[in-house]
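Participant: Chain by chain, the residues run as shown.
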Amino acid sequence: MNSLIDIRGLTKDYGRTTALREVTFSVPEGSIFGLIGPDGAGKTTLYRILATLLTPDRGTATVAGLDVAREFRQLRTLIGYMPERFSLYPDLTVDENLHFFASLFGVKVRDHFDLIAPIFSQLARFPNRRAGALSGGMKQKLALSCALIHRPRILLLDEPTTGVDAVSRSEFWGMLATLREKGITILVSTSYMDEAARCDRIALLHRGRILGIDTPTRLTARLGDPLYAASAGEMYPLLLALRGMPDVKDCYTFGATLHVVADEGFDPDGTETALRRQGLADVRIRPVEATIEDLFIKLAQHED
Amino acid sequence: MQTRILRILLKKELTLMLRNPLIPRLIVAMPLLVMLVIPLVADLDVKDVGVAVVDRDHSLLSRRLVADMDASASLTVTAVCDTYDEALRHIERGDADVVLTIPSGYFRDLSGGKSPHLDLSANGVNATKGILGAQYASRSLLQTLTRWSAEEGTALPEAATASVLNRYNPTLNFRNYMIPALMVVLLILICGFLPALNLVSEKESGTIEAMNVTPVGRFTFVLSKLIPFWAIGLLVVTVGMLVGWLVYGLVPAGHIAYIYLAAILFTLVMSGLGVSIANRSSTLLQSIFVMFAFIVIFQLMGGLFTPIASMPRWAQVLTYAIPPRYFIEIMRAVYLKGAGIADLWQQYAALAAFALLFCLVAAKTYRKRE
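Top to bottom, those sequences are chains A and B.
The numbering of the first sequence is the numbering used here, which starts it at 1 and goes up by one.
The numbering of the second sequence is the numbering used here, which starts it at 1 and goes up by one.
Only chain A is shown next, with the shape it has when bound in the complex (with noise of 0.2 Å):
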């Protein structure tokens, strides 16, 4: 498959602090690619250079063959990019918003309304409300269809569903499924790990590095020892008993529940019966399957 995103070796500092080390990736062309990473991996800074607002310190960037630093006049016409904060003028209505910008790019909004119909669909509802008045998710479809009306080859979107709700949120990743369907490249960031799973190809961004990039199943598998889900009637006695037994190689917070990083020779019910022994009440500790996020935190701790 043809990448359409081939990032070499890109760097970033801002004075003393590095944004990007190094970072080195490709996004074939058709798949929705996820770029996972807490706050300040570095994921806005990337997204800046390839949207053509940042020049890079080293390392080259090209989208559809384009170079983002010399480039970046025709880039501008291939990309859609919807930053973090909504960036649509508030005081225009959902309407103006959306014709504004096709005619910004030389488009009738209708050359391409089928592309945006399913994400618009709700909005045309009140085309005359002002586009500060809408709700959250409202924005965030009228933000995603202003960077689509001009049917850009890749979609950039730097973490769309920050601050959604978790409905709107799934709702969101089904649009981006659509969209791919139509053939639009996708990079997607995002500090959910949870949404990671729904990517084709995750780059897993760490302090400005990656980490891993592969298919999110693939990566998962990456962690190779077995992992448990534990849970007490009190989490932080039995957090600290875990982390002091032999065969636990890690222990953490994970939602309600306690992950559990341990040996091959691990036996879940031997422990639970000694935790007991030692005062624990409603001890419960059971296989899970490894999700990117304990990925992340093995990996992320195995950098520091």
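Read the hints as simulated data drawn from the structure, not as lab findings.
Keep in mind that a hint or two might mislead.
As the list claims (entries may be wrong) - Just so you have them, the derived chain A footprint on chain B, three or more residues with Cβ under 8 Å:
(1) 11 to 25
(2) 213 to 227
As the list claims (entries may be wrong) - Under 7 Å between C-beta atoms, here's a sample of chain B residues computed to sit facing chain A:
(3) Ile-8
(4) Glu-204
(5) Gly-206
(6) Thr-207
(7) Ala-210
To be verified - Selected chain A positions facing chain B (Cβ under 8 Å, derived; list incomplete):
(8) Thr-77
(9) Leu-78
(10) Phe-86
(11) Leu-92
(12) Asp-95
(13) Glu-96
(14) Phe-100
(15) Phe-105
(16) Lys-108
(17) His-112
(18) Phe-113
(19) Ser-191
Just so it is clear, CB atoms sit at the ideal spot from N, CA and C, and this is done for glycine as well.
Chain A is already provided as a structure; the job is to place chain B on it using the hints.
Facilitator: Chain B only, in chain A's frame:
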């Protein structure tokens, strides 16, 4: 030039401006307020100048001089004293601003063809009132003397006829001097602040990010920020001139086109400066503070309140770098003297040079990429 895109951007600017709850009102209310209130408040005209007279002559002529003075609009004879010291005490008490001394034998000497002296001294504590009061008094004296000599059929000695003539603003009306300059203040504020605030608020709201990834060129974008404020600047000047005419009865002595030409150049200067400052600021607060620093210097050193001629030499040299100086000179010369391009080409050239400079800086410092 991306004419099509520029048109789209201008339409957007207009829509946004009209939807703004404050800006349209400000554009109408501020010129009206400034033009209606400030000329009344910042009035340096002198009325009710008190004159203490020391009449040692006690002639028909001396009594006529005093009576005429008392009858004139802005002078009141508050005391007739025998000695200068007594008159000075009236000044100290504050009921007189000017002392007129008519020497004994004044009438006889004047009739005998000599050149006797009248003596005027003024209280310099309130400099404006003192200087203008002495001027009013000497004018009144001259009028009486001229009339008297005409009646007598004698010619006044040369020295007595020498007089001060206030050309172009015959009544020394401070209002006529201020009104043309107030329009300059309006343009400084509106065309300097609004483009800067407009651009920085796009930075703060993040909309500039979305604009920068579109094919909009930076010159086109900067132009879309400048053009609306040029139009507003001309509107403000028009409102200002209408108020000057309808309320104060002041119409330019020169051609109105010269005023518009200067206003166009000056709006370019101010809006160019505003956008240049906005390009370097990342928050509204920064841009307002920097703009304010410029505006204070412009207002105080542009010759608006303090005449440039009365500044120290080094400060006079500095004012050549203050663009409003040229606009104020043009406005006053066209309004009061009826001057035209032939008289003012240097000022127009200086304004044009500043306009070009600031607009170039505005376009050059705007960065779509960091």
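Participant: Hint by hint, note whether the structure agrees.
Facilitator: Now the hints, each set against the structure:
no.	hint	verdict
1	11 to 25	holds (count 5)
2	213 to 227	holds (count 4)
3	Ile-8	holds, 5 Å
4	Glu-204	violated, 10 Å
5	Gly-206	holds, 4 Å
6	Thr-207	holds, 5 Å
7	Ala-210	holds, 4 Å
8	Thr-77	holds, 6 Å
9	Leu-78	violated, 11 Å
10	Phe-86	holds, 7 Å
11	Leu-92	holds, 7 Å
12	Asp-95	violated, 12 Å
13	Glu-96	holds, 7 Å
14	Phe-100	holds, 6 Å
15	Phe-105	holds, 7 Å
16	Lys-108	violated, 13 Å
17	His-112	violated, 15 Å
18	Phe-113	violated, 19 Å
19	Ser-191	violated, 19 Å
Checked against the numbered hints above, the structure violates hints 4, 9, 12, 16, 17, 18 and 19; every other hint is satisfied.
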